[in-house]
Amino acid sequence: MRGVTATAAVRWMIAAALLLASPGPIARASADRGQVHLRTSEAFAPCLAPAVAAFSRESGLSVVLDVGDLDPPRGADVVIGDDSEMTRLLEGGIADLETSFDLGSLPWVLVVPAGSPVGSLSALAPDRVSVMGGRASRAARESLQGLPAERVRVSRDANELRRARYALVPRSLAGPGEQRPSGVHPLMAVTALIADAPHPSGARALLAFLRSDRARRLLTPCLDAPPPDAGAKASTARSAAGGTFAQSVVDWWLPECTLTHNGYNDPSKVLGPPDAVALGMKDQYTGIMSLGQGGYVTVDMGDTAVDGPGADVRVYQETGSEPVTLYGATSPQGPFVLIGLREDCGERTPGLPPPDHHCDFDLRGTGMSEARYFKIEDGEIYPCLAGGTITEGADIDAIEILNKKT
Amino acid sequence: MPCLRGISGPRPSVVPLVVSLLAAACGSGPSGPSGSPTPTPTATPPPGPVAGRYLLQIVPGPGCNMSRAPLTFPMVAAAAGTSPHPGVQVVLDGNPGELEWEFLSENFTLRGGLGTTGDGVLSNESTRLWTHVIGTGSVTRASDGRGEVVSGNLMGYVAIGGRDDGEGALGTCSARDHTFSLRTR
Chain A
5 MRGVTATAAV RWMIAAALLL ASPGPIARAS ADRGQVHLRT SEAFAPCLAP
55 AVAAFSRESG LSVVLDVGDL DPPRGADVVI GDDSEMTRLL EGGIADLETS
105 FDLGSLPWVL VVPAGSPVGS LSALAPDRVS VMGGRASRAA RESLQGLPAE
155 RVRVSRDANE LRRARYALVP RSLAGPGEQR PSGVHPLMAV TALIADAPHP
205 SGARALLAFL RSDRARRLLT PCLDAPPPDA GAKASTARSA AGGTFAQSVV
255 DWWLPECTLT HNGYNDPSKV LGPPDAVALG MKDQYTGIMS LGQGGYVTVD
305 MGDTAVDGPG ADVRVYQETG SEPVTLYGAT SPQGPFVLIG LREDCGERTP
355 GLPPPDHHCD FDLRGTGMSE ARYFKIEDGE IYPCLAGGTI TEGADIDAIE
405 ILNKKT
Chain B
194 MPCLRGISGP RPSVVPLVVS LLAAACGSGP SGPSGSPTPT PTATPPPGPV
244 AGRYLLQIVP GPGCNMSRAP LTFPMVAAAA GTSPHPGVQV VLDGNPGELE
294 WEFLSENFTL RGGLGTTGDG VLSNESTRLW THVIGTGSVT RASDGRGEVV
344 SGNLMGYVAI GGRDDGEGAL GTCSARDHTF SLRTR
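Chain order of the listed sequences is A and B. Take 5 as the starting number for the first sequence in my numbering and just add one per residue. Take 194 as the starting number for the second sequence in my numbering and just add one per residue.
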């Protein structure tokens with residue numbers, strides 16, 4: 005961890021109440037007689053304090069909250085981070101996928117002085133705009149790329165961000181100014197147990213508490229609870245009614261390095277409806293093709309997608325939010341037209357078992373009114389030689405036409 | 194398995210297989226009348242493999258509101274597999290996992306993903322680069338016969354910072370018109 009990250013790290017102890025052990029998992033946890041180390045990133049730390057304090061009071065366990073990069077977890081028992089921060093931990097088995105669940109989403113907000121006129125930050129801010137840094141802030145920084153770089157201050161110092169007159173920050177780090185919607189996709193708080201947690205019993209007790217309604221109530225002033233069926237709409241309904249999914253593989257390519265290191269190289273696994281399953285052990289799945297470093301699979305849908313209302317094509321991707329690039333064509337020989345470049349693919353998919361996620365694409369604006377052949381390309385583009393998992397790259401489960409030519 | 198599919202956007206030019214006619218006094222074509230000097234076509238040999246030591250240069254797209262000074266990296270290239278399509282691996286000399294490019298290599302065109310880890314990679318200019326891009330470039334023949342890319346296109350994410358900065362401290366830019374070269378050294 006270099007400069008900015010290191011200075012942003014904050015550590016504070018919530019409580020050490022050893023007298024109030026309650027029945028159930030919390031009581032068993034107190035047998036650990038140790039601290040539970042919870043590591044999280046800057047955005048979520050302010051949201052967690054009330055719930056962690058309540059857990060500590062009720063369990064008699066002290067909880068040490070470390071703030072900074074999650075990877076490596078640095079002795080943590082439990083981690084809480086955005087999808088983008090958790091993906092490699094979960095896929096690499098450092099964090100236990102079986103224990104992971106969503107705590108809620110956290111919107112990005114624009115902060116401006118109260119009473120500022122309506123307008124973009126670039127127009128409003130006379131000087132600098134501060135934006136939270138780190139891996140989870142890529143989309144936010146991209147949204148400010150119209151501003152000259154010298155007018156953007158990237159910081160992971162929560163206090164500095166709260167002091168900024170003009171800022172683009174997760175709501176939890178907003179200062180006293182007026183908050184406005186940002187258009188940046190919200191962060192999603194995901195928690196999981198570290199596989200070799202030093203205090204596993206206490207860690208499991210903390211996770212059990214965080215799953216409880218009581219903890220949810222303590223978190224919701226800060227985090228938006230994900231609606232139980234948000235986004236269900238098209239997918240589950242269409243799937244049940246016989247949706248249109250990829251029929252055959254036209255072409256594919258994985259780099260040699262990916263073929264050597266990855267465990268899920270079969271392109272036929274992207275055909276048909278979503279059927280991926282995480283088997284509960286590290287790196288054990290069925291029904292996916294991992295695209296490795298920049299690999300791709302091209303499919304024939306058997307039907308034609310058209311530019312209709314809303315999104316036209318959905319890609320199902322397992323675990324995390326690894327980006328996907330999508331191209332379309334009307335013939336298998338192409339030419340293939342870019343539809344979406346490195347779109348984060350982490351929308352939750354109700355009706356499918358977690359961690360099955362998806363991302364949607366729209367033909368509008370591509371210059372193409374219809375397409376039957378789709379090329380799905382890895383957008384994570386993480387160095388294969390540094391990977392360390394057998395699921396490098398976007399993990400594709402299925403491709404679905406949402407607006408079909410009739 | 195079909196051949197490499199065409200992708201819209203910046204297209205590599207057809208590989209130059211330059212055929213030049215040697216000076217012929219009469220200017221007749223190859224099937225010209227006998228008795229006059231027969232022009233001999235001289236084909237420039239195709240580029241050799243992309244292999245060995247290279248210098249990668251990356252330039253952020255013209256619309257990026259940050260320094261667009263070229264960032265250079267010493268790289269090493271080698272053939273990497275033949276199935277389902279032939280590939281070429283190009284990695285940072287000495288630290289292959291810090292900056293890695295996995296190319297599909299067909300029809301004298303390289304196409305594939307270039308990426309860094311979360312720590313980024315330090316350029317020869319002491320600027321740190323974080324990137325996740327798809328690159329495309331035509332392979333031409335270098336002076337030593339090997340293949341190289343004189344000018345290619347990059348689509349995707351580029352962020353820069355100082356040597357010890359966090360990601361994007363000196364700018365972030367996602368664009369479809371970053372450029373690169375991969376020249377022999």
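A portion of the hints provided could be inaccurate.
To spell it out: a stretch of chain A is covered by chain B in this simulated footprint if at least three of its residues, at any positions, have a beta carbon under 8 Å from a beta carbon of chain B; those stretches are [said to hold, decoys possible]:
#1 95 to 106
#2 152 to 161
#3 183 to 193
#4 383 to 389
Hints listed in this document are in silico derivations from the structure and should not be mistaken for laboratory results. We put the beta carbon where it would ideally sit given N, CA and C, even for glycine.
Discussion item. Of the numbered hints stated earlier in the document, which are not met by this structure?
Written reply: Checked against the structure, the hints that fail are numbers 1, 3, while the rest are satisfied.
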